[in-house]
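*Asks:* For reference, the chains in residue letters:
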Amino acid sequence: MRAFAALLRKEVFSLFVSPYIYLLLGTWFLLNGLFFSFILGYPAVEQDLTLFPQFLFGSGLLVWLLLPAFPPLLTLKLFAEEQRTGTLEPLLSAPIRDIAIVAAKYCAAWLFFFVFWIGVLLLFLLLEFHQAPLDWARVGGGFLGAISASSLFLATGLWASSWGGNLILAAGGGACINFLLLFLPVLFENSPGRVGALAKSLHIPNMLDRAFAVGLFDSYALLFFPIMTLLFLWLTWVRLVSRRWVP
Amino acid sequence: MNSRARLSLLLCLASFAGVLLAGLLLAFFAQPSHRVRWDLSSHSTQTLSERTTRALRELPAESRLTGFFFQEEEHLLRNGAAVYPQAFSRLRTLLEDARIQTGSSLTVLQLDATTDMIQVEAEAVRLKREPGEILFLESKGKIQRLSFPDLFVTTDPTADGQPARIRQEQVDTSLGNAATLLIQEHFPHIWIIQDPTVPLSKDLFPFFEGQGFSPQTVQSLPSHKEGDLLLIPGQWKPFLPSLAAEVSQWVADGHPTWISLGFNAPPGVVSWWNEVLLPHGFAFLDGLVCEPISTSTGSAVGSPDCGRLEIRPQSLSAQHPATRFLTSRSRSYLFAGVRPLDFSGGSNDYTRAPLVRTRTNAWVESPEHPDFQPSGHEAKGVQNLAMAANRWDPNGNAPGRLIAIGTTLLFQQDHFPFSKDFLAATFRWLAKGKEGDVGLVPLHSIPFRPSRKEKVRMANIAILGIPGFTFLFALVIFFRRRR
Chain A
1 MRAFAALLRK EVFSLFVSPY IYLLLGTWFL LNGLFFSFIL GYPAVEQDLT LFPQFLFGSG
61 LLVWLLLPAF PPLLTLKLFA EEQRTGTLEP LLSAPIRDIA IVAAKYCAAW LFFFVFWIGV
121 LLLFLLLEFH QAPLDWARVG GGFLGAISAS SLFLATGLWA SSWGGNLILA AGGGACINFL
181 LLFLPVLFEN SPGRVGALAK SLHIPNMLDR AFAVGLFDSY ALLFFPIMTL LFLWLTWVRL
241 VSRRWVP
Chain B
1 MNSRARLSLL LCLASFAGVL LAGLLLAFFA QPSHRVRWDL SSHSTQTLSE RTTRALRELP
61 AESRLTGFFF QEEEHLLRNG AAVYPQAFSR LRTLLEDARI QTGSSLTVLQ LDATTDMIQV
121 EAEAVRLKRE PGEILFLESK GKIQRLSFPD LFVTTDPTAD GQPARIRQEQ VDTSLGNAAT
181 LLIQEHFPHI WIIQDPTVPL SKDLFPFFEG QGFSPQTVQS LPSHKEGDLL LIPGQWKPFL
241 PSLAAEVSQW VADGHPTWIS LGFNAPPGVV SWWNEVLLPH GFAFLDGLVC EPISTSTGSA
301 VGSPDCGRLE IRPQSLSAQH PATRFLTSRS RSYLFAGVRP LDFSGGSNDY TRAPLVRTRT
361 NAWVESPEHP DFQPSGHEAK GVQNLAMAAN RWDPNGNAPG RLIAIGTTLL FQQDHFPFSK
421 DFLAATFRWL AKGKEGDVGL VPLHSIPFRP SRKEKVRMAN IAILGIPGFT FLFALVIFFR
481 RRR
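Protein chains in written order, with my numbering: chain A, 1 to 247; chain B, 1 to 483.
FYI, nobody ran anything at the bench for these hints, they're computed from the structure. Treat the hints with caution; some may be incorrect.
[Stated by the list, open to error] Now the in silico label distances, taken between C-beta atoms and shown as ranges:
no., chain 1, residue 1, chain 2, residue 2, range
1, A, 41, B, 314, 34 to 44 Å
2, B, 15, A, 84, 19 to 29 Å
3, A, 84, B, 24, 30 to 40 Å
4, B, 481, A, 84, 14 to 24 Å
Each residue gets a CB set at the ideal place from its N, CA and C atoms; glycine is no exception.
Could you put the whole structure together from the sequences, leaning on the hints where they help?
*Replies:* See below:
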């Protein structure tokens, strides 16, 4: 546990002192600020502000563009950089369990991505400051859904980062998986039979748009993201420990 | 096996084990019985009621619920109205709830602008969709259709720039009613007593079937069940005594009835019906209702075309449930060869109301000496073209609904395509007379219109302030690390 805490501290520190990460954060805030201002000027939202969380967290570009693309950019260095610079082998041979390494790196990325969301929360506080009558259950639901989805996308990014020492492969692979997770269910949701049913049960935008962002908390959606996140963390762990399986 | 192949195999096996476990867990938690939904929104209306969920669950396997989410009514889009975004947001959420609550027994299909248009077109053709129809609930070949006004009550946009708004919605109740109707073994019949000399449109029967009725032409009234309707789409000869007695008894018993008599119906038939309708409090009058024809040079009279009346939405009753929803649609109807109706006598058992009226410049042309222009002795002013009555009963046990209309052309080939939504709305009212609770619930909107100054301030903070500060921080860290 002590080793985990030390590694987590190290990873968080390395993220917080990286200018690249702040550049990423600034771009995230800028794009979210643009979406925020655009959606706020949309006539339907002016008529009914309860639609705002759905437009931002449910069906907007935040979900379709930013959410799948940014987490892999944050996680790309976590394993790929270590492999590239040759520091992964010493880390794996250090007296720390592999699962703790994966957990520490994931938690560090998750904690830093939380800062990404705090910036978006500031936009809602800005609205509140201007006496906007917000439905906080919907806003809270939207945030919970978006944070859950970003947790999953961080896990896929971490997995992609564990593939090798190529940073482009790590970022591109992670983003690719995330876009597939978003788009594949959409493509097949109207298919007949089991394919359609499976697509609907894996439909992330629907979970965000028709549950979280309307203030509806569904036990399946609440469990879907942690289970999928654990699956990708498991795959990351398998990828790491598999180095030891074969002499 | 070399070490690389062994590594790949082990990797695949371990990964597969993880995927399998995750899949099993998700499949378990996706079951409706293992699923809980907490509605924490401010008005807690994002899930279907227990009644509707139960009715949907009772539908046989392979039932389908299809939603068409297209913005079709132009007046609901004017002045930046939020009607469609609000409505479709609710419908999507509730349809998703229906899918989740019913498990695999109900296939839910949501079609919108992002769906493959070939699939949308195929579904629209298969379901014989009319514009404005939003939801289709199908089970074992039977269909219930719900149009936008069945689901939402809206206000119109105003001339001073106010957009249309949703005042109330009844999605849950309408869906529950549709499911309840489908699980009933009995599908309401429309018994049609057809005069062979009054040809009906060949599309009429498929239309009624699409509306959830079972139409059948009869020569005498068969044994009927609750909810069956009687339609007389025009009559040229008196009924045989036995049939006359049956029809008279049917109406007196308060069963749903639609009677159409055109301007040229024989006097004997008209007087017989006026006797039957005496308790209802209205009667067919003689004559042909005419209105001046609108031309590019103004109003014109003197032509037989005066008998072709353009019925604008404002001419329909905005109070009566049968026509209330049609008034918000910006389309006119064509009524031709119309005989007027008027209040006459009646008992206190029935409430009565005009459904369709003319404009103030109408007159009743005398059939003896038609000159198609208002003369001194002819009745002038607003004329009633269709009237509805329903029996007043506090317990709602005997709806006694009846519609009398002074034209038969609505059911005939040329005019039928333009009367479909009028017929659908009025027949729905006739058939669903027992549904006292319409289930209207208010839909709360929270308008927020910041001033221009506030908007600019918010945009400055969101686009320049927060990102700018972060970029500055990145720059500081960059230079500190370089040092």
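*Asks:* Each hint needs a verdict: does it hold in this structure or not?
*Replies:* The hints, checked one at a time:
1. A:41 <-> B:314: 34 to 44 Å: 35 Å, holds
2. B:15 <-> A:84: 19 to 29 Å: 24 Å, holds
3. A:84 <-> B:24: 30 to 40 Å: Holds - the Cβ-Cβ distance for residue 84 of chain A and residue 24 of chain B, about 37 Å, lies within 30 to 40 Å.
4. B:481 <-> A:84: 14 to 24 Å: About 19 Å separates the Cβ atoms of residue 481 of chain B and residue 84 of chain A, which means 14 to 24 Å holds.
Of the numbered hints given earlier, the model fails none.
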